[in-house]
Amino acid sequence: MQTIDLSETGLRAMNKALHAQAADTNQTAWEIVNPKGAHAIACGLDAPIEVTVKGSTGYYCGGMNQQATVNIHGSAGPGTGENIMSGKIVIEGDASQYLGATGHGGLIVVKGNASSRCGISMKGVNIVVQGSVGHMSAFMGQSGNLVVCGDAGDALGDSCYEARFFVRGTVKSLGADCEKKEMRPEHIAILQGLLEEAGIDADPSEFTRYGSARTLYNFDVDNAGAY
Amino acid sequence: MCGIVGLFLKDKSLEPHLGEMLTSMLITMTDRGPDSAGIAIYGRESNGRSKMTVQAADPDHAFAGLEKTLSDALGAKVAIAVKSTHAILDIPAGATQQVRDALQQINPDIRLMSRGDSLEIYKEVGLPKDVAEQFDLAKMSGTHGIGHTRMATESAVTTMGAHPFNTGDDQCLVHNGSLSNHNSLRRKLRREGIHIETENDTEVGAAYLTWQMQNGATLGEALESSLDDLDGFFTFVVGTKDGFGVVRDPIACKPAVMAETEQYVAFGSEYRALVDLPGIENARVWEPEPATVYFWSHNAIPTSSEKAA
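Heads up: the sequence lines are chains A and B, in that order.
Counting from 1, one number per residue, gives the positions in the first sequence under the working numbering.
Counting from 1, one number per residue, gives the positions in the second sequence under the working numbering.
Think of the hints as simulated: they come from the structure by calculation, not from any bench.
This structure is a prediction, so every number in the text was calculated from the model and none was measured.
Keep in mind that a hint or two might mislead.
Label pairs and their calculated CB-CB ranges [claimed, not checked]:
{"no.": "1", "chain 1": "B", "residue 1": "10", "chain 2": "A", "residue 2": "5", "range": "28 to 34 Å"}
{"no.": "2", "chain 1": "A", "residue 1": "67", "chain 2": "B", "residue 2": "198", "range": "35 to 41 Å"}
{"no.": "3", "chain 1": "A", "residue 1": "34", "chain 2": "B", "residue 2": "65", "range": "30 to 36 Å"}
{"no.": "4", "chain 1": "B", "residue 1": "192", "chain 2": "A", "residue 2": "203", "range": "56 to 62 Å"}
For lysine-lysine, the following DSBU-like pairs were computed, each having C-alpha atoms within a straight-line distance of at most 30 Å [said to hold, decoys possible]:
{"no.": "5", "chain 1": "A", "residue 1": "180", "chain 2": "A", "residue 2": "123"}
{"no.": "6", "chain 1": "A", "residue 1": "36", "chain 2": "B", "residue 2": "10"}
{"no.": "7", "chain 1": "B", "residue 1": "129", "chain 2": "A", "residue 2": "123"}
{"no.": "8", "chain 1": "B", "residue 1": "68", "chain 2": "A", "residue 2": "54"}
{"no.": "9", "chain 1": "A", "residue 1": "36", "chain 2": "B", "residue 2": "68"}
{"no.": "10", "chain 1": "B", "residue 1": "188", "chain 2": "A", "residue 2": "54"}
{"no.": "11", "chain 1": "A", "residue 1": "54", "chain 2": "B", "residue 2": "10"}
{"no.": "12", "chain 1": "B", "residue 1": "139", "chain 2": "A", "residue 2": "36"}
{"no.": "13", "chain 1": "B", "residue 1": "254", "chain 2": "A", "residue 2": "111"}
{"no.": "14", "chain 1": "A", "residue 1": "16", "chain 2": "A", "residue 2": "36"}
Even for Gly, the Cβ is constructed at its ideal location relative to N, Cα and C.
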């Protein structure tokens, strides 16, 4: 286990050390102490390493992640896991706004709640939230799955494309062109897999699926007056 | 950007350290606002007296002999404590308007920063650490206070464009965001007779609250109606004699984190601003909900009221 004290090492040197790890590195376990809400911790990783941050983080922790696993033993600031490509981010506390924005792949797990715009413009990332998510979550979601074990705030899935949303609790309101969908066996299977991967014990049959009604995909002449 | 910090003490033993704690929080928010900084601090009231904070670009000249000139003009004792470019005027209770009028006669270049019984506002252009040093903020004690670091977007970097803005007796406002209808609202408020000095958007927000309250609204009601009448992005923190309030616009793009323990309630634009507070590891940390007005008061239990977006 390699331990980096962020208050002594500094952000750039810490990220440089993590970036220096090659695909076949034998230093696979890293611990970062004294994060104190700093920005851009463990950003741009691209190696199969596991980084554990002991405390709360600021903006963009684990952003652009590939391959690596980033554990946050605290709460995470805005834009955590932004544009994640692969790998895994696990947040023990709450996540601030736009968690996993534009993420292309990988998995983000939140043990607490996630704030507004969770999974905005998601493009393939899977996000599993044990608590609730805030307003405008999965806005313009294109691909991937957002699983919410609690409730969703206003305007879930506004203007979404083919991303899937599974919510166990209530949805305060659905966004434009987002609708309730039938939960077929293949969806139960997808959800089951995601919950297992996230290590969350929840019954998939209690969830409701939401997704795009696909009415905004093409220009409709009846809407011409709106422009 | 811009950074906001706020601290409301429940534990009286921390009161001598309020300035020190707020200063450290403020300096942490330098990245969010290096242009100017300001702090509003609520100390103990001086018995039966009011106070005003005033500012002058040339304090040596402007404040020299002011104590006597003002006392003579009012026919009552006025005491002045100069702190760099600012001065605290200790005036008879209820004499605020008379002092304003007198100052206008004596030297119109002296500008009013704050008025009330316990509020003092210090703000200047420059890095937060330099502003804090200039006014020795770390040595100040008090029951609660709010601070702001500004990254100017829509108007000039000046002392009068710095936050906090005084909105009424013992009331002030800081803002992170930008208001988009401030020009039309400024025209409207000026027609209503409200004094607005600069082209700054937040000053319009502050003037709006002043106007609402002059028309009988409580601060809570004024904040709720701001959600209807102000267009743009905002996280506001307002200071009052008894505590502070927080409101975010319905979109809530501008960040806000709060922490509460047995000893205090703290506000920060980022968690970073809160990390050095005592017992933060075990504090309840959360983000205030959009379009919801929160208040913490030394005289009442905390409240929050949601306003439909």
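30 Å Cα cutoff - pair residue 54 of chain A, residue 10 of chain B: The given pair, whose Cα atoms are some 29 Å apart, holds under the 30 Å limit.
Checking one constraint from the list: CA of residue 68 of chain B to CA of residue 54 of chain A, max 30 Å. Satisfied? 59 Å, violated
Could you grab the alpha-carbon distance between residue 129 of chain B and residue 123 of chain A and see if it respects the 30 Å cut-off? 42 Å, violated
How does the Cβ-Cβ distance of residue 67 of chain A and residue 198 of chain B compare with 35 to 41 Å: does it lie in that range? 52 Å, violated
Please verify whether residue 16 of chain A and residue 36 of chain A have alpha carbons no more than 30 Å apart. At roughly 19 Å apart (the allowed maximum being 30 Å), residue 36 of chain A and residue 16 of chain A satisfy the hint.
Decide if the proposed pair is consistent with the structure: residue 139 of chain B and residue 36 of chain A, CA atoms, cutoff 30 Å inclusive. Cα-Cα ~25 Å, so holds.
Please check whether residue 10 of chain B and residue 5 of chain A have a Cβ separation lying inside 28 to 34 Å. 33 Å, holds
Is it true that the CA of residue 180 of chain A sits at most 30 Å from the CA of residue 123 of chain A? Judged against 30 Å, a Cα distance of about 20 Å means the pair holds.
Range hint 56 to 62 Å: satisfied by the CB atoms of residue 192 of chain B and residue 203 of chain A? Holds, at about 59 Å.
CA of residue 36 of chain A to CA of residue 10 of chain B, is that 30 Å or under? Between residue 36 of chain A and residue 10 of chain B the Cα gap is close to 24 Å, so the pair holds against 30 Å.
Holds or violated: residue 254 of chain B with residue 111 of chain A, Cα cutoff 30 Å? 24 Å, holds
Hint consistency between residue 36 of chain A and residue 68 of chain B [alpha-carbon to alpha-carbon, up to 30 Å]: Violated, at roughly 51 Å.
Of the hints listed earlier, those the structure fails to meet are numbers 2, 3, 7, 8, 9 and 10, in rising order.
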